[in-house]
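Residue numbers (this note's numbering), protein chains in the order written: chain Y, 1 to 275; chain B, 1 to 275; chain F, 1 to 275; chain D, 1 to 275.
Derived from the structure by calculation, the hints contain no laboratory data. For every residue, glycine included, the Cβ atom is placed at its ideal position computed from N, Cα and C. Treat the hints with care, as some may be off.
With a straight-line cut-off of 16 Å between C-alpha atoms, the simulated EDC-like cross-links for lysine to aspartate or glutamate are [as the list claims (entries may be wrong)]:
| hint | chain 1 | residue 1 | chain 2 | residue 2 |
| --- | --- | --- | --- | --- |
| 1 | D | Lys239 | Y | Asp58 |
| 2 | B | Lys157 | F | Asp50 |
| 3 | B | Lys121 | B | Glu90 |
| 4 | D | Lys121 | F | Glu100 |
| 5 | D | Lys201 | D | Asp224 |
Every beta carbon over 12 Å from chain B, so not counted as near; a handful from chain Y, in silico [to be verified]:
| hint | residue |
| --- | --- |
| 6 | Gln82 |
| 7 | Glu140 |
| 8 | Leu243 |
There are 4 protein chains.
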Amino acid sequence: MPITLAANNYGKSRVRVLKVTRHADRHDVAELTVNVQFEGDFDAVHLSADNSNVLPTDTMKNTVHALAKTWSGDQIEEFGRQLIAHFLRENPQVSRVRIEIAQTAWTRMAQSAFLRGSDEKRTSFVTGARDGIAIESGIENLIVMKTAGSAFEGYQKDRYTTLKETTDRVFATAITARWTYRSAEVPFGPCWQQARAAILKTFVDRDSPSVQYTAYAMGEAVLDAVPEILQIRLSLPNKHCLLIDMAPFGLDNPNEIFVPTDEPHGLIEVTVQRT
Amino acid sequence: MPITLAANNYGKSRVRVLKVTRHADRHDVAELTVNVQFEGDFDAVHLSADNSNVLPTDTMKNTVHALAKTWSGDQIEEFGRQLIAHFLRENPQVSRVRIEIAQTAWTRMAQSAFLRGSDEKRTSFVTGARDGIAIESGIENLIVMKTAGSAFEGYQKDRYTTLKETTDRVFATAITARWTYRSAEVPFGPCWQQARAAILKTFVDRDSPSVQYTAYAMGEAVLDAVPEILQIRLSLPNKHCLLIDMAPFGLDNPNEIFVPTDEPHGLIEVTVQRT
Amino acid sequence: MPITLAANNYGKSRVRVLKVTRHADRHDVAELTVNVQFEGDFDAVHLSADNSNVLPTDTMKNTVHALAKTWSGDQIEEFGRQLIAHFLRENPQVSRVRIEIAQTAWTRMAQSAFLRGSDEKRTSFVTGARDGIAIESGIENLIVMKTAGSAFEGYQKDRYTTLKETTDRVFATAITARWTYRSAEVPFGPCWQQARAAILKTFVDRDSPSVQYTAYAMGEAVLDAVPEILQIRLSLPNKHCLLIDMAPFGLDNPNEIFVPTDEPHGLIEVTVQRT
Amino acid sequence: MPITLAANNYGKSRVRVLKVTRHADRHDVAELTVNVQFEGDFDAVHLSADNSNVLPTDTMKNTVHALAKTWSGDQIEEFGRQLIAHFLRENPQVSRVRIEIAQTAWTRMAQSAFLRGSDEKRTSFVTGARDGIAIESGIENLIVMKTAGSAFEGYQKDRYTTLKETTDRVFATAITARWTYRSAEVPFGPCWQQARAAILKTFVDRDSPSVQYTAYAMGEAVLDAVPEILQIRLSLPNKHCLLIDMAPFGLDNPNEIFVPTDEPHGLIEVTVQRT
Chain Y
1 MPITLAANNY
11 GKSRVRVLKV
21 TRHADRHDVA
31 ELTVNVQFEG
41 DFDAVHLSAD
51 NSNVLPTDTM
61 KNTVHALAKT
71 WSGDQIEEFG
81 RQLIAHFLRE
91 NPQVSRVRIE
101 IAQTAWTRMA
111 QSAFLRGSDE
121 KRTSFVTGAR
131 DGIAIESGIE
141 NLIVMKTAGS
151 AFEGYQKDRY
161 TTLKETTDRV
171 FATAITARWT
181 YRSAEVPFGP
191 CWQQARAAIL
201 KTFVDRDSPS
211 VQYTAYAMGE
221 AVLDAVPEIL
231 QIRLSLPNKH
241 CLLIDMAPFG
251 LDNPNEIFVP
261 TDEPHGLIEV
271 TVQRT
Chain B
1 MPITLAANNY
11 GKSRVRVLKV
21 TRHADRHDVA
31 ELTVNVQFEG
41 DFDAVHLSAD
51 NSNVLPTDTM
61 KNTVHALAKT
71 WSGDQIEEFG
81 RQLIAHFLRE
91 NPQVSRVRIE
101 IAQTAWTRMA
111 QSAFLRGSDE
121 KRTSFVTGAR
131 DGIAIESGIE
141 NLIVMKTAGS
151 AFEGYQKDRY
161 TTLKETTDRV
171 FATAITARWT
181 YRSAEVPFGP
191 CWQQARAAIL
201 KTFVDRDSPS
211 VQYTAYAMGE
221 AVLDAVPEIL
231 QIRLSLPNKH
241 CLLIDMAPFG
251 LDNPNEIFVP
261 TDEPHGLIEV
271 TVQRT
Chain F
1 MPITLAANNY
11 GKSRVRVLKV
21 TRHADRHDVA
31 ELTVNVQFEG
41 DFDAVHLSAD
51 NSNVLPTDTM
61 KNTVHALAKT
71 WSGDQIEEFG
81 RQLIAHFLRE
91 NPQVSRVRIE
101 IAQTAWTRMA
111 QSAFLRGSDE
121 KRTSFVTGAR
131 DGIAIESGIE
141 NLIVMKTAGS
151 AFEGYQKDRY
161 TTLKETTDRV
171 FATAITARWT
181 YRSAEVPFGP
191 CWQQARAAIL
201 KTFVDRDSPS
211 VQYTAYAMGE
221 AVLDAVPEIL
231 QIRLSLPNKH
241 CLLIDMAPFG
251 LDNPNEIFVP
261 TDEPHGLIEV
271 TVQRT
Chain D
1 MPITLAANNY
11 GKSRVRVLKV
21 TRHADRHDVA
31 ELTVNVQFEG
41 DFDAVHLSAD
51 NSNVLPTDTM
61 KNTVHALAKT
71 WSGDQIEEFG
81 RQLIAHFLRE
91 NPQVSRVRIE
101 IAQTAWTRMA
111 QSAFLRGSDE
121 KRTSFVTGAR
131 DGIAIESGIE
141 NLIVMKTAGS
151 AFEGYQKDRY
161 TTLKETTDRV
171 FATAITARWT
181 YRSAEVPFGP
191 CWQQARAAIL
201 KTFVDRDSPS
211 VQYTAYAMGE
221 AVLDAVPEIL
231 QIRLSLPNKH
241 CLLIDMAPFG
251 LDNPNEIFVP
261 TDEPHGLIEV
271 TVQRT
């Protein structure tokens, strides 16, 4: 019995994009993960290595990025529709396009600061020996982003430095904090709430010239706000949102469209204490 | 050069426990994941296979469960302290106990219904061909729990059935929903908000005689609330919270202390539509 | 327009089972994760809270366990077929059963010892300061199981102890090891290979009266085999395989059918060094 | 009490790099994930927003890539040492550098084809109704890479296309396959082994002008090798290994140093059947 190509589809999965819409009085953010799939006249690529009908999946990714620029940033259904209209119009060999979009839930904290629905934890580390007990408390996975007031300039450069200085970047992180107390008899619940509030307030209110500066300021703010806390360690991954170069598409991109990334990531850690 | 045991520690990791505190006017919940580690006089177990000083890690797990019963359910630091006091008192061979606790963030929706901070997504699935477009919208990973108003009775039994009927169980699930519209021109944002609200309201307000009944009721509620929606598919894993048998510890456990589990889990799926 | 139940299915997902077949000259193992889904006459449970047609998903899980006992342990397709035959015969209300099985790849190392295909890593930790350098090497995620020669008896008991002593258990673990060298100028590749071989040989050849004893023996074997290594730290999670009580099903279970579990797990850590 | 910066460290985590060493008779591969951490004189960045001592973590990443070029590709300990020597020499403000490296286990299948230790599964999907049974079998997560004989040229270009054509790329994928049989009475074990062998042989022996071509060829090879199989569906993510542009570092990179990525990824799916 002869063997045939019964069905085929191809595309790009997990295309990530962050759109920041800069209104006069506030920023809006939309973080999406997009899958694109094509069906159509692709027998030749499978059977005779003729790629002439194949739009590369890399181009699909670029198209998601480029069309995110003109999309309103509101309804993901509209974005899906715009992608499909584009792909069908430009690719006569394609009979069917499927777009899947998942939008991350970001909650506004301020004009340009956001909190993500996340699997945040309250933590505690208690160690006891025959001669006493030590108690630490903490927070894990407090995910936040700010789209204004973050810069990174004036750093050291060497022959391997390609990073461009910026006065305006997106700063996204998943905060882990852990602290010690003056004594084992403190109101743990209120202390935890106050520490968390001080961390968030610092993130929202203070400009960030570096993640290091912000991490230290958070620690200082916690110690200022919660007299019971003696020392705090903060660990802030810098979950880079990379500005997309749209010049090859003939578009400019004035800090609007980014690729959120998980790896590699910066990791900044500080310990701040009373002395 | 002789070889020696330089250091050792052992314990139980990822001990999960859910404590439901049943006040007259409301339930409080505390969901914890606990790690226990011992250091002490354990040379004999390593060097001469003498286990007499070893408290089994299974007993550590049972102890976490048993002491969760007497713990107030408030501060995890206190729970850590109580575990340490118990372990040091009962185990003279132990010199140092370390307890790590991570508490999941549950937000109250009602007297006995809760919403978890989670990586919830808004989703959309758009498919376009030369002759038209189809749009679906949905929700992923909407995690909820109710500690009252859930039962499971009167089911079929066979020779392999060991499950006990219950008029009062904990019902926890991570809802996925996905729906189609009457047309491609609807207000997607408000429809999504109304669908999500109808799902949560059903979960909170309606008693659940089975996951199936609740899933159907959610679908019906969405169709009632959102005329633009034509059909909805709901997928509800039953993330079982197992009541712990405390009789071996000489304790009763009137629906207070549970083990939350991820696997195996029930999976209930329904499609509800207008006809 | 009236609202109707258009489709429904329900079942149990991620039912795990390990079958050990004890031949005279060797053991065979089959580790499976099974999903079960039913379709059929279930309108009443959705619409009128009548559960009488519902076989609980807990019973599905028990059935997977019970039928694993009589299954040959060879082809998973046969096991799927046996489950379907059982469910259709016993449940006239069911029109369609779907079974999905995923079998983990275990490779034989010896008559009753196995190595899992896993994402094992070779690791290195190098720290340099102005006054010198320190080099450590290691292994992560070396997953092994032995089905004979592992016991756990004679341990301490207290009021919370329910674990039964055993002379014959399944011992499964994911080994992490990390060691230091006599100097920074050693043949790193051969040292790593010899250390890994010594760890595996100890696991295979030596009886295990406790995880602690095995962990120490592994460390000792590495130091014996690799003169360049000065100190080694081993971390062994005890990935418990729980013997299933089949008495409620009228079956005995002489160490044949287990539930592999990920949480909670024991965690045993030792540091062994030359002195 | 005054508040002080007690400790700090910063760096880059999860820097991925793949080095292909092209010997006359074979290729060697080393896939690493590297973490870099600095300690030193960084008070000013934390306290007064003076970044002049801060080598960006992006430069750390670039340095890992650049030094991977001159590293031998043999011992990861040597690579760690080279990174430390570089960082300490070029950064007088740094007192301590910590490098963590994890190397993925790739096993040679041929001169330039490799199989990864992975959590591969054998799968089966069995569906039974009152009128019959359907059996499918499959493979999940069979991870392979080839470093020669893979090209992608002659594809369609549009205004969003930036991908460069290549006659020589790295092709890495995690194969999922699933097939149906002529009947429910076939030797499932041998069929599975033969299907897996045919897939691997095609990957190793055949040049790949596109993932689509390879996917179809795999399906055809399985049908040729296993008469019992009627239809097969293959799903191949294209886990892109991106060639690093080293021109900014003054280095050329003739297909030696790549960044392996997980997202976004291509996804190519074909169904091949007898007719």
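Right, here's what the structure says about each hint:
{"no.": "1", "hint": "D:Lys239 <-> Y:Asp58", "result": "holds, 12 Å"}
{"no.": "2", "hint": "B:Lys157 <-> F:Asp50", "result": "holds, 14 Å"}
{"no.": "3", "hint": "B:Lys121 <-> B:Glu90", "result": "violated, 47 Å"}
{"no.": "4", "hint": "D:Lys121 <-> F:Glu100", "result": "holds, 12 Å"}
{"no.": "5", "hint": "D:Lys201 <-> D:Asp224", "result": "holds, 12 Å"}
{"no.": "6", "hint": "Gln82", "result": "violated, 9 Å"}
{"no.": "7", "hint": "Glu140", "result": "violated, 7 Å"}
{"no.": "8", "hint": "Leu243", "result": "holds, 24 Å"}
The structure fails hints 3, 6 and 7 (numbered hints given earlier, in ascending order).
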